[in-house]
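First to last, the sequence lines map onto chains A and B. Quick note on numbering: UniProt numbering labels position 106 of the first sequence as 106, and the sequence is numbered without any gaps. Quick note on numbering: UniProt numbering labels position 50 of the second sequence as 50, and the sequence is numbered without any gaps.
Derived by calculation from the structure, the hints in this document are not laboratory data. Where hints are given, some of them may not hold.
Label pairs and their in silico Cβ distance ranges [claimed, not checked]:
#	chain 1	residue 1	chain 2	residue 2	range
1	A	Gln100	B	Phe279	24 to 34 Å
2	B	Gly52	A	Ala253	45 to 55 Å
3	B	Lys199	A	Ala44	46 to 56 Å
4	B	Val18	A	Leu181	22 to 32 Å
5	B	Asn274	A	Val194	49 to 59 Å
6	B	Val142	A	Asp53	26 to 36 Å
7	B	Val18	A	Ala44	57 to 67 Å
Dumping the calculated EDC-like pairs for lysine to aspartate or glutamate here, alpha-carbon to alpha-carbon at most 16 Å [unchecked claim]:
#	chain 1	residue 1	chain 2	residue 2
8	A	Lys276	B	Asp182
9	A	Lys276	B	Asp95
10	B	Lys199	B	Glu187
11	A	Lys276	A	Glu165
Yeah, the Cβ is synthetic: ideal placement off N, Cα and C, and Gly gets one too.
Chain by chain, the residues:
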Amino acid sequence: MARKTSNARRWGFTILAWGVALLIFFPILWTILTSFKSEADAIASPPKFLFFDWTTENYTEVRARSPYFRHFMNSVIISVGSTLLGLLIAIPAAWSMAFQPARRTKDLLMWMLSTKMMPAAGVLIPMYLLFRDWGLLDTRIGITVVLMFINLPIITWMLYTYFREIPSEILEAARMDGATLSSEIIHVLTPMAVPGIASTLLLNVILAWNEAFWTLNLTTSKAAPLTTFIASFSSPEGLFYAKLSAASTMAIAPILILGWFSQKQLVRGLTFGAVK
Amino acid sequence: MATRHQKTLARLMVAPSVLLLLGWMVVPLAMTLWFSFQSFNLLSPGMEQFIGWTNYKYFLSDPAFWTAMQNTLLLVGGVLVITVGGGVLLALLLDQPMFGQGLVRILMIAPFFIMPTVSALVWKNMFMNPVNGLFAWLAKSVGAQPIDFLAQYPLMSIIVIVAWQWLPFATLILLTALQSLDSEQMEAAEMDGAGAWAKFTHLILPHMSRAITVVILIETIFLLSVFAEILVTTNGGPGYQSTNLTFLVYSQALLQFDVGGASAGGIIAVILANIVAIFLMRMIGKTLE
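Assemble the whole structure, with the sequences as input and the hints as a guide.
Shown next, in the form of structure tokens:
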């Protein structure tokens, strides 16, 4: 039986939770609000919360003054590219580990995760020198491949977790019914695997979009994604709060929406199904 | 039953990812190890030579290393305490009956999706700036002296920024675990007259322990290599007050061009991470059974 809750209790928790949530969300809200202010309003004291002259000139100016679109496209290409590349390698591996587990499969998975524990600082120098010698510094291909490696263990783990939940009895039943291998793959396996693959794709695009250590160290301008682009605002130019806010809003909006969209998968994906 | 043929096929399918990851790990690590025994500066190419343990001696006797080491532990530990503690409280709050729970959750989870360079710049300029940051205005409006957070308390400020980014993650994971708690068990405990505290310590906390383990594991992986937040806000300073190991290796290699010294630092970072990893992998290994 569901517990009866008094209205007062419910309102109390509602007010408290909304207060905390708004406090946590406030820096983002403030950035979005500031992006619509004039520079003078942006640093006004006392601060102007809602009553200012709303303007979109910051957005126009950020796009006019800098190759914002190029950085945006770099972010898209790098994060989607590295994820697709990772999926290409990880899908067969995860598939066979889930359905044909060997004696050492568990150890192998643990080892893969342990490569994530290797601090980036330990491999930064060789990667930087190799990139320099191979002419890969500040190229999209170079940074895409590095991010693929960074996320490969997580992609493999996530896919393994999803695939393992596909009951193998279903396969056997389909086979009993005389399904051919191709119809088995098209009608039985793919529909069951696609949701897991989609979640993995979504989450790894988010992780790659926000990854900053490698993008900051291996790209400067041509291949620089939004992480590097925004970091360039830490120079004196960053003192223009309204423009910084407009650029920031443009950098975070797509991934924030994607993130909200996939919060349920986030829990399963990043905890490898250990938390339900 | 798997036939021999299927087994071979399965191995072949696993092989590319294993070989690639092995290469990704072994090649750079071997190079770092090699460089760490060389006198190697990017400014004087062609002068490389074997110098034994000298790089390690210099790196380990440099006070900057010990500061960075301490900062790394404080950063990881501080953020873990704030996010796990705060995450438990927020998860308990979000689990209560309320209006608009879905929206509250969406607002709370948002910081996790913000790229580190953006959150660092927003906090640095719009909140912690001693002249026109919001905190300065708050301080002035109650008649206090504004604080230059990033100059006076650099490491603490960075811990706050990083904790803000990771608190939503901990909250979401812990809330998910909390919601899978058996309500019948809770009611049985209530019938037996268990108070709120007893329910929390005997039922809720043990139920959440697995989720807490996972949160600690995932966060540690990412927190050991916090970089962008430091680069954008304090650049490691003042002095070395907010330099962690990752940032120290970066500055030695790419700002001072001392590849040999930085490599020794990188190897030490790897060893430390492995000590932490052994504990964590044991924990997660049990959790995932």
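### Message
Which constraints among the numbered hints does this structure fail? Numbers only, ascending.
### Response
The structure breaks only hint 5.
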